[in-house]
Every structure is written in C-alpha cells, then in structure tokens.
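Generate the whole structure from the sequences, applying the supplied hints.
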Amino acid sequence: MREINPGDTDRAYAFEMWMKAPMPMVTLIKTMDVTRLVKTGKRCGMKFNMMMLWCIGRAATGIREFYTLPVGDRLVQYDSLAVSTIVANKDGGVNSCDIALSGDLWQFADEYLRLTSIVAESCRNHDIADSMVIGTSALARHEIDGAVGMYSGIYNNPFLIWGKYKRRLLHYELPVSFQFHHTQMDGEHAAAFLDNLQKEIRYFCR
Numbered sequence: 558m559r560e561i562n563p564g565d566t567d568r569a570y571a572f573e574m575w576m577k578a579p580m581p582m583v584t585l586i587k588t589m590d591v592t593r594l595v596k597t598g599k600r601c602g603m604k605f606n607m608m609m610l611w612c613i614g615r616a617a618t619g620i621r622e623f624y625t626l627p628v629g630d631r632l633v634q635y636d637s638l639a640v641s642t643i644v645a646n647k648d649g650g651v652n653s654c655d656i657a658l659s660g661d662l663w664q665f666a667d668e669y670l671r672l673t674s675i676v677a678e679s680c681r682n683h684d685i686a687d688s689m690v691i692g693t694s695a696l697a698r699h700e701i702d703g704a705v706g707m708y709s710g711i712y713n714n715p716f717l718i719w720g721k722y723k724r725r726l727l728h729y730e731l732p733v734s735f736q737f738h739h740t741q742m743d744g745e746h747a748a749a750f751l752d753n754l755q756k757e758i759r760y761f762c763r
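If you're matching positions, the sequence shown starts at 558 in our numbering and goes up one per residue.
Simulated from the structure, these hints should not be mistaken for laboratory data. Glycine included, each C-beta is placed from N, C-alpha and C at the ideal position. There are no misleading hints in this set.
Distance ranges between label pairs, derived from CB positions:
1. R724 <-> D565: 46 to 54 Å
2. S637 <-> T566: 13 to 21 Å
3. H746 <-> G660: 21 to 29 Å
4. D565 <-> A697: 40 to 48 Å
Derived DSS-like pairs (lysine-lysine); straight-line CA-CA distance at most 27 Å:
5. K756 <-> K596
6. K723 <-> K756
7. K721 <-> K647
8. K587 <-> K604
9. K756 <-> K604
10. K604 <-> K723
11. K721 <-> K599
12. K721 <-> K587
13. K756 <-> K721
14. K599 <-> K756
15. K587 <-> K599
16. K756 <-> K587
17. K721 <-> K604
18. K587 <-> K723
19. K647 <-> K604
20. K596 <-> K721
21. K596 <-> K723
22. K599 <-> K723
Written out as structure tokens, the structure reads:
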C-alpha cells in the first residue's frame, strides 16, 4: 500500500467533495438470485458464507476503484484485496477475520475454514494490513430486507451485509446491502460491482 496524490487520479473531485462530508457513505441494496450457491452448498458441502465471500472478491477485482481507499485524510492505493467476515467466538462475542483473495477456490475455502476456526477459538481478530479489505456481516438466522451501516470516520472500507436467504418457488433470493465511501467510488462503480457479484453467483463453480 502507498499514499497517492488525489490530484493525480480521477477521484480528485470526489476527494475534494466527500472527504470532509459529515456523512460520506452511500448504501445500495440489491436482491440477488443465490439459487446456484444454495444448490452447490447442499450438493458439495460448501458453506454459503464462504461462497459469498469468494464471489464478492471475484466481483471486486475487476473494478479498479476497489484498490484505493480514503484512510484518515489521505488516499491510499493497494495492490491486493482481501475479504473480511464476522466470526462468533467461543465466549459468545464476535471477532473479524480477514482472508486474502486467492485465484483458487479450494485454497480460499481451506483458508476460510482454517482462519475462522482460529479466530473463533482465540477470540482475537485476524487482520491483513497491507490489502484493501472488503468487510461483510452475515445475519444468517434472520430475514432482513436491507441494512444501513454506521459511519465512524475511522473504518472507511466498503461493507456488505445480508441475512437469511429466502425461497421463492424454484429459486432463492438474498437482499444484499452494500455501503461504500463516496471518495472511493461513485454509484455507477458500486452498481457495476453488484452486477458483477450477481454474475459471479450465477456462474459459481461452472
């Protein structure tokens, strides 16, 4: 990661407009068809949350805005991406677990299982400092229509939230909320990412 001059990027105007805004976060909500993930999980024994993280990472890699992030009062550029999940720990609390993106699904799945197990047992976060981390939170036991995250002024990373998927006749749907900092990307980039995510889900493991 390295600091870059916003004036040398196409985010210069957004940096000027949104870095000091009292509420610079934007949330988009999209209902995904997750039938492919549900059926693959039942057939192959894959965890739904792991598959969602994999698809999120794949969808983000094609959008260059994900590689920059406002940090404090600076604009920082990263060379790699990671995804984060919230893990219920053995003491009844929660911790975050960052997982580096991999080009191999099975390697990613193994790392997901290994790292989330360590975090659950140790009750300590697993952080990756040198990657741009996409945060997620799955409320898998509850049906929700959407969520709007809070803005702390510290954690500016993009963040996705979803609940329990819903059965609709022969397919399954999942509303997904995506929050992002307006300095990092515009609504067009965010909407393109959600379109990419739907494609990755639809063609998962084909």
